[in-house]
Each structure stands twice: as structure tokens, then as C-alpha cells.
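Start from the sequences, fold in the hints, and give me the full structure.
Each chain, written out:
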Amino acid sequence: MESPAEQDASTDHEQLLPELVAHLRSSRTQLRQEWANRITGASLLSSMTPQEIFSEATSVYDNYVEVLETGSVEALQHYAQNLSERIIPRGVETHEVVGIVLLLRDVLARSLFEKYHSDFALLNRILDAYEPAANRIANTVSVSFVQERERVIRQQQDSIRELSTPVLQVRERLLILPIIGVLDAQRARQLTEQLLSGIRAHRAKVVVVDITGVPDVDVSVANHLVQTVDASRLMGAGVIITGLSSKIAQTLVRIGVDLSKVNTVGDLQGGIEEAERLLGFTVRRAADADRQQE
Amino acid sequence: MGGSEPANGQVHGALQVHGTLVELTPLIRGVIAARMRDPGVVDDLVQETLARVMTTASRLDDGALAPYAVVVARNLVNQQWRTEERARRHAHRFLDPAEPHRPEDDVLRLEENQAVTSALARLSQGERQTLLAHELEGRATAEMAAESGSTTGAVAAQLHRTRAKLRVEYLLALEQSRLPSHRCRPVLLALSGGDRRRQRELDAAGHLLECQFCSQLSGPLLDRLQADNDDEEALLPIQSDKDVVVARQRGREIAAQIGFSPTDLTLIATAISEIARNAVRFADRGQMRIRTIEGSARRGVVIVARDRGPGIPDVQRALEDGYSTYGGMGLGLPGASRLMDELHIVSELGKGTTITMTKWCTDP
Amino acid sequence: MPTGNRSEGEAPISVSILRQGSYLIASVYAALDDDELGRFQRELIRQIMAFRSRGVIIDVAALDVMDSFGSRSLRDLAHMTRLQGAITVIVGIHPDVAFAMVQLGMDLGNVRTELGLEEGLVLLDDLTGGGRLSPVSRSR
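Residue numbers (my numbering), protein chains in the order written: chain A, 1 to 294; chain B, 1001 to 1364; chain C, 2001 to 2140.
Since the hints were derived computationally from the structure, they do not count as laboratory data.
Be aware that a few hints might be false.
[What the hints assert, rightly or not] Derived SDA-like pairs: lysine to any residue, alpha-carbon spacing no greater than 20 Å straight-line:
| # | chain 1 | residue 1 | chain 2 | residue 2 |
| --- | --- | --- | --- | --- |
| 1 | B | Lys1242 | C | Gly2109 |
| 2 | B | Lys1242 | C | Gln2041 |
| 3 | B | Lys1351 | B | Ala1119 |
| 4 | A | Lys261 | C | Gln2041 |
| 5 | B | Lys1242 | C | Asp2126 |
| 6 | A | Lys247 | A | Gly266 |
| 7 | B | Lys1242 | C | Ala2062 |
| 8 | A | Lys115 | A | Val21 |
| 9 | A | Lys261 | C | Ala2062 |
| 10 | A | Lys261 | C | Asp2033 |
| 11 | B | Lys1242 | C | Arg2072 |
| 12 | B | Lys1242 | C | Asp2064 |
| 13 | B | Lys1242 | C | Asp2107 |
| 14 | A | Lys247 | A | Glu193 |
| 15 | B | Lys1242 | C | Arg2112 |
| 16 | A | Lys261 | A | Thr251 |
| 17 | A | Lys261 | C | Gly2105 |
| 18 | A | Lys261 | C | Asp2107 |
| 19 | B | Lys1242 | C | Asn2110 |
| 20 | B | Lys1242 | C | Gly2105 |
| 21 | A | Lys247 | A | Leu268 |
| 22 | B | Lys1242 | C | Tyr2029 |
| 23 | B | Lys1351 | B | Thr1141 |
| 24 | B | Lys1351 | C | Asp2033 |
| 25 | B | Lys1242 | C | Ala2030 |
| 26 | B | Lys1242 | C | Asp2034 |
Structure follows, in C-alpha cells:
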């Protein structure tokens, strides 16, 4: 920092920013048009129409000036998030977003230069006040975009997960839940919710959870499995777990899961047979009872 | 990535805030005890300060917690003095129940009107128009966006900013005073907008301690901030089993507004039920504040339950399974902490307990 | 047929008790507080004794929250009816509620649970030997 003292610099910025803001407000029409032109010229946002680009450019411009004026980026953050939500599905890339914000920074810097170039000292002070704010804005927009992109990716992962854990109805009152792949806490939770609502929707009495395709579980996932069994039981459905590898069995025992409370059968085929035995048992008893009435 | 934390980092964060608050308690007590004589009032104000600091903690930079606590404590003491003074002055009025009209009410109302008018005048014309169209004419942001060739997000963002600014200007007009330094306005705006990064940049915490003026305004500013969205906040008395049921229904409604899944809503309602029942059982009465919070990267619901019961002798043990003092299953606190993402307890024996719990919305 | 589950001078509580053969079906409409719960327990025990009921179904499908107090009360109630010779089955626990209950760390002990009323009746028939339709078929 070249200025004599930090205190002076911040006082200087306080005084200069309003002037800066006034300039950007009065040149609004011309500057945002120039910016939009440069965006098109640089082939950025190619998936959007010129009208769309101009409309977004207007909003970003106004937000930009607001941030300079108020010093608060929270509002810009909201807008950037909203913008990202709309443009990500259209295939806009991170470098494009960073690109357009940097273009705006340059368009504005150039206009400041034109206005103040006769007074070099003043120009320097103006740019000193402008630059940190402009960089912060560029940073805010980029970060919002990247965060939104990450969220979209997570969402896509979620829907893939949903597809990969189907709840299958094999016969009346019997569901099968084959789990394939690594179970993390989030997926385990989702699985439980699917299973429990599946029990209700299909009025299931017995559920076979096949974990042959699960390489390993950690303590929290193991606990989750046990909770799933308990929750299913509260809804009146028995759970049979099949395909329990010795490795997972050891984990369960080590963390103190009482395996005698969990119905485990070697493989899926055996699990289904056991389930049918349980269901048939109920059916036969009811039939007996009916016969007795006659 | 700025702002977003891994899920398992939350527990750590919770313990940290809890730790800080525990450390803050003697400091707060010191500030208040130096100014108030009645030990009962001191206790009340300590609890009140803790509760306010807790509910605001998420909006403040960590380094600002201690200074903010000191400021809150001082403000509460001042408020208490004023209340006592007013009570003394108006003591005779209680003998005259048939006094329907007090001239000073009119003056107050007039002052308030003037404050609003002059605050509105400090806004730019665009800001004023947008705000009035939205707040008074009830126009939807989408509609306004379409008209001005802007986007819904941009309009909402502008409204947020304008409200933050209006709050500051209103308070300034009400106090009818000029800002003592050029640093005050940006600090107040950063506090009003809940912009933590800006607060850090401006060293808002340091400024609050130095500047008597801003420290006085910070209270109403931050309180107002929480009351900003009326339907997203509730303050409920917890005295009977009926209140328990009401509290969990309100909690469910408030949490539903920010998009929690049905399963999460049930977890939240169950946790509220556990905590509220504890308050009814142990303390006869208490109160619960339920509100939503919005961080830069996530949204959540915060529940603060306060009671003036006997307090919890061993907070750490109370969070272990099977610890219970009333022959129940001992699931209340540990159970609730499993249902929520964060839970911290501040308890003083014989004085009361404040429990703050938070759940974050996993898919914003 | 609905049986009056309110005594003189008391406010109505959010439970209805219906008699079906030798079973009682109690539907809980809203969360009960301590006082209501006590009256519900007394009324249920009274009817079990009066009608020599052998099975009780408690339908909690209308409850959207079951905290530890609620679960404990249900468990106690089931144990009490057992002492009077009636088996209690709890039906209608919502999926979200079941999930919250296990997250909270609660269980209903060895109290039987079923998905719905129909399943509950089948289970009671099974456990009591078809008591619903012919109370004397116990010796099967």
C-alpha cells in the first residue's frame, strides 16, 4: 500500500466511491451496451440470445454498481446464485462466467480512465478505490457460480443414486431391496426413506435387503442398517438381510450390533424362500382359522 | 470453497460455539454485575444476553462474538435502567386504570412517522419505488422484474439491500443524531445486511466496542433483522403439554418454508417435542424461539429453548444416553442431538438452561 | 359402536374406543397430554374388564410426532392391558415417525406393531386364535 496510512486510504475510498457510483449510473446505457457487445464479441455465453445477454447484463450491471455503493455483496450473491440456476442447465461454463465479469471490470476501468485521464493523481486514487471492490465482485460471482454448479452435480448424483436403489415388489407383501455399490451415510439415509415409504405403499410384511453388492460398511452405515430394521419393524414389516459378507458381519459385531435380533440369510435366493415361508405361515394360519369358523 | 463446510465439520463448529459461549459467561456476568445490584436481575440479564448472542452467532464473525456480547450486555443494562426509571415515574398511573389517552403516545407516534419519512427520503428513487411497490402495493417480485426488464433474483436482491439500508436510516432518524465517524455507516450497513465478510473487513467488532453510538444501534438493528420475516419466526411460551404440541407444529411449519424434506420435518418436530417437554417437566415454564437462518451457502432452522429451572448439573453427562433425572428413558437431550445437526447447552445451576439446536437443510 | 370415553364434567379427549367382538379398537386423533393419557388408560382398562376383551388395537396413524414420552406411554399402556389379559397391537406408525423414533433411540420393547388396522386384526386373530369372530375357539 503506497498511501501514507491505511486510515487515510479508507477515508479516501469512502469519499471517492460515491463519485465513482455516480459516474457509472450516468453512463449506464452506454456502458452496459458496450459490455454486452464485448461479451458477444468474445463469443462468451454463446448459448444465449443477444436479448437474453442484454437483459442479464443490465441486472449484473445494476447489482455491480449497488455493491460499489453499499459495500455489501450479499444481494449480489443472491442474484448470482439465481443467475447460475438459470444458465447452468443451458450449458454455460465456469470460464464464461469468470470471463464476462472480468470484461465488465475492464469496460468500467476503461471508462474511468477516459473520464479521469487528465488528472493522473486522481485517476490513480479512483482506481485504487475501484480495484479491490471490483475484484471482490468478480470473486463473489465466480464463487456463487461454482457453488451452484457443485449443487447441480450433487443433485444429478442423487438422482442416479435413486435409480440405483430400486425397491422391487416380488409378490404381494414382499419387497426386495438390492443395494449395489458403496454405502455412505447420505445414501443409507435415502435408502431407509425409500424402503419405509415402500413398505407403506405396497403394504409389505417382509422385506429382503440384499447387500451382496456392498463391499464394506463403516460404523455409521452399519448403525443405519440396524435402525432401518428397527423402523421397518415399527411399521409391522420384518426385514431379512442377505449377502452379508464376513467382513461386514465382523464390523457389525465389533460395534456391538446384536445380530441375533437381525434376521440374516446367506444369499438372496435363501432370503426369498425364508420370506415366503414367513408369509405363507401367516396365510396358512388365517386359512386354518377360517376353516374352523365353518 | 468459501462458506461451505463438510457435513462432519458441523459438530466441531457446534462445540466451538458452545465452548466460546461458556467462556463468555463470566465476562458477561462481570459486565452486568458491575452495573446492577439485584442478583436476580443480573441472572436474568446474563441469560438474556446469552440467548441473544446465541441467536445472532451465525450472523457474526467468530471474532466478533465477545465484543458483541459485551455490547448486548451493556445495552440490556441500559434498557433495564430505563425501564426501572420509567416504572418509577409512572408508578402513580397504575392507580388510574381509566386513562385511555396519553399525550406522549402521540408524540412517540409522530416521531416514528417522521423517522420513517426521513429514512425513506434517504433512499434513492429507484430503491424507494421498488420497496413501496413490493411492501405497500403487494406486488410480486416476478411481476416487477418483468416490468423493469430485470430478473426476479435481481429484484429480490435489491429489496434485501434496500431493507437493510432503510433499517439503518430509520434508526438514525429516530435517534436524530449524526454519525460520529465515517466508519459508522458502513459498519451499520454490514450488520443490518448480515454480511459477515464485510463485517470482518471493516473490523465491525472492534468498532462496536469503541463506538458508543453504533453499539447502541446494533441491538435494535440485529433484533429487527431477526424479526424481518414474521412468518419465519415464532416465540412461544412453554408451560404445559399443550404448548409442547403447539411448539412442534409451529416448528414444522416454519421449517417447511425453507424446503426441508418431510422426514426432516418430522425429525425437527420430534426434537422440539423432546426439548419442550424437558422444559415443562424440569422448569414448569420456559419459552422457545424458532426461526430460520440463511447462511451464504445453506439454510437452516434454529430453535432456542430457555427456561429458568434448576439447571443441569453436568451438561456433558446429560448428553449421554441413559442419563435421566426423572425416571424416563433419558432420551431427551441425547435423542434430540441425534435428530438435529447441532445442539448446545448453556446451563447455570439454580438459574436456568438455554438450549440451542440447529438443523441444516441438506438440499438448498 | 362408539362408547363414551368421557366421564361427567371432563373435556372430551382425542381418542375414540370402538368395540368389535372381543377386541377394542382405539384411534388416537391428536397428541395426548398427561391428563388425557391418564383418562384414556383408565377408560381402556375399564372397557377391557367390562367386555372381557382379549385384544386391543391402538391406531396412531393420525400422529405426526411420537416423542419419547409418547412411546413410553404406549409401551406402559400395552403392558398394563397385558396384565388385564388383553394383547395390544399398535398400528399405523407413519414412515417418517418410525424413522424419527429409531433416530431418537426409542423402541417399543416387545409390543407388537402392524402396518394398519386390517393387519392388526389378522395378527390378533393369530395370537388369540381367532378371538374376533368366536371368542371360544381358544382351545385350538
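Now the hints, each set against the structure:
1. Lys1242/B to Gly2109/C: The hint is violated at about 27 Å.
2. Lys1242/B to Gln2041/C: holds, 19 Å
3. Lys1351/B to Ala1119/B: Answer violated: Lys1351/B to Ala1119/B is near 42 Å, above 20 Å.
4. Lys261/A to Gln2041/C: It is violated: about 31 Å lies between the C-alpha atoms, which goes past 20 Å.
5. Lys1242/B to Asp2126/C: Not satisfied, since the Cα-Cα distance of roughly 38 Å exceeds 20 Å.
6. Lys247/A to Gly266/A: OK: Lys247/A and Gly266/A at ~14 Å, within 20 Å.
7. Lys1242/B to Ala2062/C: Answer holds: Lys1242/B to Ala2062/C is near 17 Å, not above 20 Å.
8. Lys115/A to Val21/A: holds, 13 Å
9. Lys261/A to Ala2062/C: violated, 29 Å
10. Lys261/A to Asp2033/C: violated, 33 Å
11. Lys1242/B to Arg2072/C: Holds. Lys1242/B to Arg2072/C sits at ~18 Å (cutoff 20 Å).
12. Lys1242/B to Asp2064/C: Answer holds: Lys1242/B to Asp2064/C is near 15 Å, not above 20 Å.
13. Lys1242/B to Asp2107/C: Roughly 24 Å separates the two Cα atoms, so the pair is violated.
14. Lys247/A to Glu193/A: Roughly 26 Å between the alpha carbons, so the hint for Lys247/A and Glu193/A is violated.
15. Lys1242/B to Arg2112/C: Judged against 20 Å, a Cα distance of about 29 Å means the pair is violated.
16. Lys261/A to Thr251/A: holds, 16 Å
17. Lys261/A to Gly2105/C: holds, 16 Å
18. Lys261/A to Asp2107/C: Holds - the C-alpha atoms of Asp2107/C and Lys261/A are around 13 Å apart, at most 20 Å.
19. Lys1242/B to Asn2110/C: violated, 29 Å
20. Lys1242/B to Gly2105/C: violated, 24 Å
21. Lys247/A to Leu268/A: Given that 20 Å is the threshold and the Cα spacing comes to 18 Å, the pair holds.
22. Lys1242/B to Tyr2029/C: Given pair Lys1242/B, Tyr2029/C holds - Cα atoms ~15 Å apart, limit 20 Å.
23. Lys1351/B to Thr1141/B: violated, 47 Å
24. Lys1351/B to Asp2033/C: Violated, because 27 Å separates the two Cα atoms, which is more than 20 Å.
25. Lys1242/B to Ala2030/C: Judged against 20 Å, a Cα distance of about 11 Å means the pair holds.
26. Lys1242/B to Asp2034/C: At roughly 10 Å apart (the allowed maximum being 20 Å), Asp2034/C and Lys1242/B satisfy the hint.
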